[in-house]
Amino acid sequence: MTSVNAPANRATAWESVIGLEVHVQLRTRSKLFSAAPTAFGAAPNTQASVVDLALPGVLPVLNAEALRLAVLFGVAVGGEVAPVCRFDRKNYFYPDLPKGYQVSQLDEPAVRGGRLAIDAEDGPRHIELTRAHLEEDAGKSLHDAYAGQTGIDLNRAGVPLLEVVSEPQLRTPAQAAAYFRALHTLVRYLGISDGNLNEGSMRCDANVSVRRPGAPLGERAEIKNLNSFRFLEKALRFEIDRQVETLEAGGVVRRQTLLYDSARNETRPMRGKELSDDYRYFPDPDLLPVEVTPAMLDEARAALPELPNAKRQRYASEFGMTDYDAGWLVADPHVASYFEAVVAACGKPKAAANWVMGEVAAALRRDERAIGDAPVPPAQLARIIARVADQTISGTAAKGLFETLWRQADATDAEAVDQLIDSQGLRQLSDVNALEALVREVVAANPGQVRQYRAGKAKMLGYFVGQVMKASRGKANPREVNSLLRKALAEP
Amino acid sequence: MSTRSAFSAAAVDKLLRLSALELPDAERPGVEADLRKIIDLIDALQAVDTSGVAPLAHPLAASQPLRADEATERVERDRYQSGAPAVRDGLYLVPRVLE
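These protein sequences, in sequence, are chains C and F. Per our numbering, residue 1 is the first one in the first sequence, and the count goes up by one each step. Per our numbering, residue 1 is the first one in the second sequence, and the count goes up by one each step.
Just to be clear, a hint being listed does not mean it is correct.
[Unchecked claim] Which residues of chain C face chain F? A few of them, derived with a C-beta cut under 7 angstroms, are: (1) 45; (2) 151; (3) 283.
[What the hints assert, rightly or not] In the DMTMM-like style, the derived pairs of lysine to aspartate or glutamate whose C-alpha atoms are separated by at most 25 angstroms in a straight line are: (4) C:140 <-> F:70; (5) F:14 <-> C:222; (6) F:37 <-> C:278; (7) C:470 <-> C:418; (8) C:99 <-> F:43; (9) C:90 <-> F:13; (10) C:99 <-> F:89; (11) F:14 <-> C:107; (12) F:14 <-> C:96; (13) C:348 <-> C:298; (14) C:475 <-> C:418; (15) C:99 <-> F:13; (16) C:90 <-> F:78; (17) F:37 <-> C:284; (18) C:90 <-> F:89; (19) C:311 <-> C:298; (20) C:470 <-> C:480; (21) C:140 <-> F:73; (22) C:99 <-> F:22; (23) C:140 <-> C:163; (24) C:99 <-> F:78; (25) F:14 <-> C:278; (26) C:224 <-> C:266; (27) C:140 <-> C:205; (28) F:14 <-> F:27; (29) C:399 <-> F:70; (30) C:140 <-> F:43; (31) C:224 <-> C:278; (32) C:90 <-> F:22; (33) C:140 <-> F:78; (34) C:140 <-> F:89; (35) C:311 <-> C:128; (36) C:234 <-> C:199; (37) C:311 <-> C:122; (38) C:140 <-> C:222; (39) F:14 <-> C:284; (40) C:311 <-> C:80.
Source of the hints: derived by calculation from the structure; they are not laboratory data. Note that the structure is a prediction, hence the values are computed from the model and not measured. Every residue, glycine too, gets a C-beta built ideally from N, C-alpha and C.
Kindly generate the complete structure, drawing on both the sequences and the hints.
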C-alpha cells in the first residue's frame, strides 16, 4: 500500500452518520404569531411589533398561511400531517429572544415522517424525514459594531420557520449536500419559501458522528448554521476527518456544538452562545391546540404542483431527454417553467433544452440575472428556435440574434425576432439558383483545391463551404451549400 | 420514580441557573420546601393510572383560531424603544454577549 492510498483506506475503515436539521423560512407576509411584516432588509426593529418584543399583556395568534405551507410540505413529502398539533415553549436566555423562550413544537409536530429523494453518488436514494415542525425565528445580534456592547435587531424575531429534520441516514458529505439541494428545490417548487440562501432563508444544522461499519453510533457533534451547499459539504468533510483523527489517536469525540469557519475551512466549538442543556419544554398556555381539518388537507393535495422528480421523469419519457439534462432543468422551478414555456411555443424540446442549458444559462451567469427577468422571454426564444428549424436563419445567426435581443430588452414579443431577422438581413440564402451561382464561382476560382479534392482529399470540402459562406457574407444555408458543393465537385 | 430523593440542593442550583435567578441563602429553605411540595403533588399525579386517557394540551375545549396572513401591525419603533436602557442606530444595545 502506498501512502497515496492511505486516506481512501482510512475512509473505508470508518463510516460517517449524518442527519440534518434544516430551518426553512416560510414565505408569508406577516410573522408566525404577529401581524408585523417579514420583508428582508428593513431598517432595524421597524418590523418588530409588541408581540415580537414580548411586551407584557400581548397574545400570539397563529398565521393561517404558515400552517397551510407546513401542511403543503407534509403532503408533498408523503408525511403524516397531524390532525392536531401543538406549540411548546423552548426556554433559554439570549438577548435576541425577548420572551425568554422560543415557541416551537416538541411532542406534537405538524408533520411526522415522509421522505425526500436525493441524487447520491451511487444513484437515487430516499432519505426518511423524522418530522417537520413550525417554530418562530429569533432576532439578530450584531457583535462587532459597538465597543463592549451587542446590538439587537428583532425584525427577524417571530418570522415563521419550518424545521425539517432528517433521519441520520446520510452517509457522506456529498449526500448531505445533495439532500440540502433536494430540499431547496422542493420548497421552491412548493412556493413555501423563497429559498434565498444568501438571506438566510434556509439554514442547516448538521449532526455528524463516525463509527466502524456495523458498530453502534459514535458520539456526535453538531455543526450550526450552514447556509450553503458547498460549506455544508466542506464543514462535514473537515469534521469527519477531525473525528477520525481524534479516534485513531486514541482520543474521545465529545458531544459539542461547532461553528464552521469558511475562511479557514475548519470547525471549532461555538463560543458565547452557551445554550442550555435543558430547555424545559412545556405546552404554551397562550396557544390552543391547532386543528388541521380534512378540508385543509384536501386543499393542500389539490394545490400540489408537479414535483421535481415527477417532472424529471416526464422530461425523460416525453422529451426523450437524458436524466442529466432533465435533472439540470428541473433543479430550479423557474428554469423548468421557462423551458416548458419555450417548448409549448415551438414544440422543439431538444433545441429548447440546448438553448436553455447553453446560451440562456451562460448569459444569466454573465449578467448575474435570475431567469425570471431574462431579457429574452420564452416566446422570443421559441421563435428563434422555430426560425432555425424552418431554415430561415442559420444557427450562427440565431446566436447573434439572441445576443442582440438580450441586450435590447425593450422588445419582448416574438414579432421582434422576425423584425430583427429582416432589419439585420439575417435571412439565410436558401435559393438554389443563387447558391448554385456562388458554388460555381468558388469552384472556378480554386482549381488547385478542386484537384486536391478530386484526388481524394475529402477534407477540402470544408474549405469550399467556408469560401461559399464567405462569398454569401454568412447567409448561405450551410446544408444546401454542402449538397450543392458535393454535386459540383463530383462533376469531372 | 422517586423524585423526592432526586430533588436536592444541586437540583435547586440547576433551576436557579436555568431560570437566571438569584436566591438569597436565607430564603433557600423556604423555597426548597415549597418546591418539594410541588414535586410531591406531581408525584401524586404521576401515580394515577392514566392509561387510556388522552393527554390534555389545554384546559379550553377549543382549537387555535387562525389569523389571515396580513401585515397589518403598525410598528412604532421610537415609542417601543423609549423604555429601553440603550438604543443606537435603531438597535437595542445590551452588554456584549460574545467575548
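Verification of the supplied hints:
For residue 45 (chain C), the shortest C-beta to C-beta distance to chain F is roughly 5 angstroms, which falls under 7 angstroms, so the interface hint holds. Taking 7 angstroms as the C-beta contact cut-off toward chain F, the hint placing residue 151 (chain C) at the interface holds, the least distance being around 3 angstroms. Restraint check, residue 283 (chain C) versus chain F: the minimum CB separation of about 5 angstroms is within 7 angstroms; hint holds. For the given pair, residue 140 (chain C) sits about 23 angstroms from residue 70 (chain F) by alpha-carbon distance, which is consistent with the 25 angstroms threshold.
Proposed proximity of residue 14 (chain F) and residue 222 (chain C) is supported: the alpha carbons are some 24 angstroms apart, at most 25 angstroms. A C-alpha spacing of about 22 angstroms is found between residue 37 (chain F) and residue 278 (chain C), which places the hinted pair at or below 25 angstroms, so the restraint holds. Annotation: proposed proximity of residue 470 (chain C) to residue 418 (chain C) holds, straight-line Cα distance about 24 angstroms (limit 25 angstroms). For a cut-off of 25 angstroms, the pair hint linking residue 99 (chain C) to residue 43 (chain F) is broken: about 30 angstroms separates their Cα positions.
In summary, the hint linking residue 90 (chain C) to residue 13 (chain F) is supported, as the alpha carbons are separated by about 20 angstroms, within the 25 angstroms threshold. Of the pairs offered as hints, the one joining residue 99 (chain C) and residue 89 (chain F) holds, with about 23 angstroms between alpha carbons and a cut-off of 25 angstroms not exceeded. For the hint pairing residue 14 (chain F) with residue 107 (chain C), the CA-to-CA distance comes to about 24 angstroms; that is within 25 angstroms, so the pair holds. Simply put, residue 14 (chain F) and residue 96 (chain C) have alpha-carbon atoms about 23 angstroms apart, close enough for the 25 angstroms limit, and the pair holds.
The straight-line distance between the Cα atoms of residue 348 (chain C) and residue 298 (chain C) is roughly 36 angstroms, outside the 25 angstroms bound, and the hint therefore fails. Distance check on the hinted pair: residue 475 (chain C) and residue 418 (chain C) sit about 16 angstroms apart at the alpha-carbon level, within 25 angstroms; holds. Simply put, residue 99 (chain C) and residue 13 (chain F) have alpha-carbon atoms about 23 angstroms apart, close enough for the 25 angstroms limit, and the pair holds. Taking the CA atoms of residue 90 (chain C) and residue 78 (chain F), the gap is about 30 angstroms. The hint is violated against a cut of 25 angstroms.
For the proposed pair residue 37 (chain F) and residue 284 (chain C), the alpha carbon gap of about 24 angstroms is at most 25 angstroms, so the pair holds. For the hint linking residue 90 (chain C) to residue 89 (chain F), the alpha-carbon distance of about 30 angstroms lies beyond 25 angstroms, and the restraint is violated. Taken as a hint, the residue 311 (chain C) and residue 298 (chain C) pair is honoured in the structure, with Cα atoms around 22 angstroms apart against an allowance of 25 angstroms. Note on residue 470 (chain C) and residue 480 (chain C): the hinted pairing holds, with a Cα-Cα distance of about 15 angstroms set against a maximum of 25 angstroms.
In summary, the hint linking residue 140 (chain C) to residue 73 (chain F) is supported, as the alpha carbons are separated by about 21 angstroms, within the 25 angstroms threshold. A distance of roughly 19 angstroms separates the Cα atoms of residue 99 (chain C) and residue 22 (chain F); the hinted pair therefore holds under the 25 angstroms criterion. Taking the CA atoms of residue 140 (chain C) and residue 163 (chain C), the gap is about 18 angstroms. The hint holds against a cut of 25 angstroms. Between residue 99 (chain C) and residue 78 (chain F) the CA atoms are separated by roughly 20 angstroms; this keeps the pair inside 25 angstroms, and the hint holds.
Simply put, residue 14 (chain F) and residue 278 (chain C) have alpha-carbon atoms about 10 angstroms apart, close enough for the 25 angstroms limit, and the pair holds. The suggested pairing of residue 224 (chain C) with residue 266 (chain C) holds, with an alpha-carbon distance near 13 angstroms, which does not exceed 25 angstroms. At most 25 angstroms may separate the alpha-carbon atoms for a hinted pair to count; residue 140 (chain C) and residue 205 (chain C) meet this at roughly 17 angstroms. At most 25 angstroms may separate the alpha-carbon atoms for a hinted pair to count; residue 14 (chain F) and residue 27 (chain F) meet this at roughly 16 angstroms.
Straight-line distance between C-alpha atoms of residue 399 (chain C) and residue 70 (chain F) comes to about 46 angstroms, which puts the hinted pair past the 25 angstroms bound. Simply put, residue 140 (chain C) and residue 43 (chain F) have alpha-carbon atoms about 41 angstroms apart, too far for the 25 angstroms limit, and the pair is violated. Proposed proximity of residue 224 (chain C) and residue 278 (chain C) is supported: the alpha carbons are some 18 angstroms apart, at most 25 angstroms. Of the pairs offered as hints, the one joining residue 90 (chain C) and residue 22 (chain F) holds, with about 21 angstroms between alpha carbons and a cut-off of 25 angstroms not exceeded.
Proximity of residue 140 (chain C) to residue 78 (chain F) is assessed by CA-CA distance (about 19 angstroms); at most 25 angstroms being required, the pair is judged to hold. The suggested pairing of residue 140 (chain C) with residue 89 (chain F) holds, with an alpha-carbon distance near 14 angstroms, which does not exceed 25 angstroms. The straight-line distance between the Cα atoms of residue 311 (chain C) and residue 128 (chain C) is roughly 21 angstroms, inside the 25 angstroms bound, and the hint therefore holds. Between residue 234 (chain C) and residue 199 (chain C) the alpha-carbon distance is near 20 angstroms, which keeps this suggested pair within the 25 angstroms criterion.
The straight-line distance between the Cα atoms of residue 311 (chain C) and residue 122 (chain C) is roughly 21 angstroms, inside the 25 angstroms bound, and the hint therefore holds. Only pairs whose Cα atoms come within 25 angstroms are accepted, and residue 140 (chain C) paired with residue 222 (chain C) is accepted, the gap being roughly 21 angstroms. Between residue 14 (chain F) and residue 284 (chain C) the alpha-carbon distance is near 22 angstroms, which keeps this suggested pair within the 25 angstroms criterion. For the proposed pair residue 311 (chain C) and residue 80 (chain C), the alpha carbon gap of about 23 angstroms is at most 25 angstroms, so the pair holds.
Of the numbered hints listed earlier, those contradicted by the structure are 8, 13, 16, 18, 29, 30.
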